[in-house]
Amino acid sequence: MASRLYQWIDQRLKLKPLEQTLLNEPIPGGASWNYVFGSATLFLFGLQALTGMFLMIYYVPSTDHAYDTVQYIQQEVWGGWFVRGLHHWGASAVMMAIGLHMLQVFFDGAYKRPRELMWVVGVLLLAIMLGFGFTGYLLPWDQNAYWATQVGINMVGSVPLIGDFLVKFLRGGETLGALTISRFFAIHVAFLPAIIVFGIMLHLFILRRVGPAGPHDEARAKAGSETFYPRQVFMDAVVMLVVFGIVSLLAFSVEFPLADRADPSDHSFIPVPEWYFLFFYQLLKYAPGAWGPLATWLLPTLFFTGLLLLPFVDRNPERHPSSRRVVLGAGLGFLIIVFGLLSISLRDLYAVPKRDPSLARGMALVEEYKCQTCHRIHGEGANLAPDLSYVADRRPDRNWHLQHFKDPQSVSPGSFMPKFALNDKQLNDLTNYMLTLRSE
Amino acid sequence: MEDGLSTPVGTRRSFFVKTTLFISSLIGISLAIPLIGYVIAPTLQRRNKEWVALGKTDELPVGEPKALDYAMTEKDGWQESHTTKGVWAVKQPNGEVTVFSPICPHLGCGYRWDQQDRLFKCPCHGSVYDINGTVKAGPAPRPLDTLPSKIENGDLLVQYEEFKSGLAKKVEL
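Those protein sequences? They're chains A and B, same order as listed.
Going by the working numbering, the first residue of the first sequence is number 66, and it counts up by one from there.
Going by the working numbering, the first residue of the second sequence is number 4, and it counts up by one from there.
Watch out, some of these pointers could steer you wrong.
The calculated DSS-like cross-link candidates involving lysine-lysine, where the alpha carbons are at most 30 Å apart (straight line), are [as the list claims (entries may be wrong)]:
1. B/Lys59 - B/Lys153
2. B/Lys21 - A/Lys79
3. B/Lys139 - B/Lys167
4. B/Lys124 - A/Lys81
5. B/Lys21 - B/Lys172
6. B/Lys139 - B/Lys172
These are computed hints drawn from the structure, not numbers from a lab.
For reference, chain A alone in the conformation it holds in the complex (with noise of 0.2 Å):
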């Protein structure tokens, strides 16, 4: 049935020849898995197009309802978890699989003449992913979209003599808010997508111009070639397949809350960059003073710089890597130093003690309970009672304190403090709240 509709249609359409040309493509020296890179990112870009056009069904681009739609989206609509964090590691992973395709092509010489254009247009593929995810990361619109992305933004404010109205520019005003939601969210969903189909029908369209560049091995590559279709095909679809399950367990088993709604006069807050630009976030670290600057725009620039000249810089025509060790050192260099740089950046993240949640509700419960009514807390509240700034100085017992609270007079005779309703929960959160009143 499917086969006479598609005889139907070829009669009409003559499709046999661009059939021929899509899948009957030569693969010097034969299909690989070496080159399943490439499928990869265009699947996973795929992936990201057709949940990003989900979660825009309910998505509502602006500073008061943003967070509300992105939580309804994550909590009550069917599914919607699941959607947005394929979205969300499906970002992770299409960074990745580029960082492979670009890995793959570098060690394979795959950028050299007459391919030189292919890594030229994957290089600008690769910087509009990057736009794709600093624009994505704002639009939840949480503390950590907020604040990461005041940060990013203020990166581009170092740039010299522009800086500040590419500030403006990006924010659409002074300030970060209702303008810069709505042009991010253009530029995410609108322009950047535009640009990209264009980019990638261009680098695909390069290839197949000049043809895959097959392995780095003359004797191999003359040993015959084979077509794309069907073993590569079939080699990029098991790939395929990997990812898919991955992305999607990682959706399944790894929630993604949202952090707090945005609060921009909360300063208190410190954002996280995704992790592809986490050995970015460390490197500024070491960029003292006057260097700041010129680490927030120079390295990038100079890198990008540097990505776009290698094949014109790198003129060797030689593909194998022994003959190649300059170039490959200095990637391997590279490689060293952002995978440092990374490590650092995530060991130093996990060594940041998390803040036990109970603190802040042991906080409130002083504040509902208004403790300081008689009580006095580093400077605030009556001295009518004990001052506690320093208490779990005075009285380190944990159980001293749950007693207390339970029946003050069991333990502290001739206290006027009252008894107060509290269940196990609020017991133990007021008590870890006390313990941390201490002079360190």
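Got chain A sorted already, so can you dock chain B onto it with the hints?
Same frame as chain A, but now just chain B:
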């Protein structure tokens, strides 16, 4: 030419083709199910109906339609909105109260009570109903829609519902 470097043929070829098709369908289906559900789920959600007190029944005049405000908090996706709908209540001589939906069953306009002619009239397409909701003139396909109502402790309680317009039968939306 070495083995394995030529394009596969025969059963080997059909194995690759079939596996590729299988994998594509597998990915397609595992994406389609959550995505379709994601789009459709909110459309299948029923509005939860609440009994809302509109006032004391003894304040209603017998045999005279009275416009009452039905105030409700509507959960509209991710936002909650407070809306007020005006409904028509007619107290019968036996003390029971008939409550009419404010929407004309013809095409959904709001109709009014004409005190002089003692008729409900819809300004849009000229449907006319008597005080019992029976069609007296115009294109209306069915009588005015009544809303579920009950009286508890002298309070008139009403559930707001909407019905498809243009049908001879009353079908809830």
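Here is what the structure says about each hint:
1. At most 30 Å may separate the alpha-carbon atoms for a hinted pair to count; lysine 59 of chain B and lysine 153 of chain B meet this at roughly 12 Å.
2. Straight-line distance between C-alpha atoms of lysine 21 of chain B and lysine 79 of chain A comes to about 25 Å, which keeps the hinted pair within the 30 Å bound.
3. Proposed proximity of lysine 139 of chain B and lysine 167 of chain B is supported: the alpha carbons are some 20 Å apart, at most 30 Å.
4. For a cut-off of 30 Å, the pair hint linking lysine 124 of chain B to lysine 81 of chain A is broken: about 67 Å separates their Cα positions.
5. Restraint check for lysine 21 of chain B and lysine 172 of chain B: not satisfied, since their Cα atoms lie roughly 53 Å apart, outside the 30 Å limit.
6. Only pairs whose Cα atoms come within 30 Å are accepted, and lysine 139 of chain B paired with lysine 172 of chain B is accepted, the gap being roughly 17 Å.
Checked against the numbered hints given earlier, the structure breaks hints 4, 5 and satisfies all the rest.
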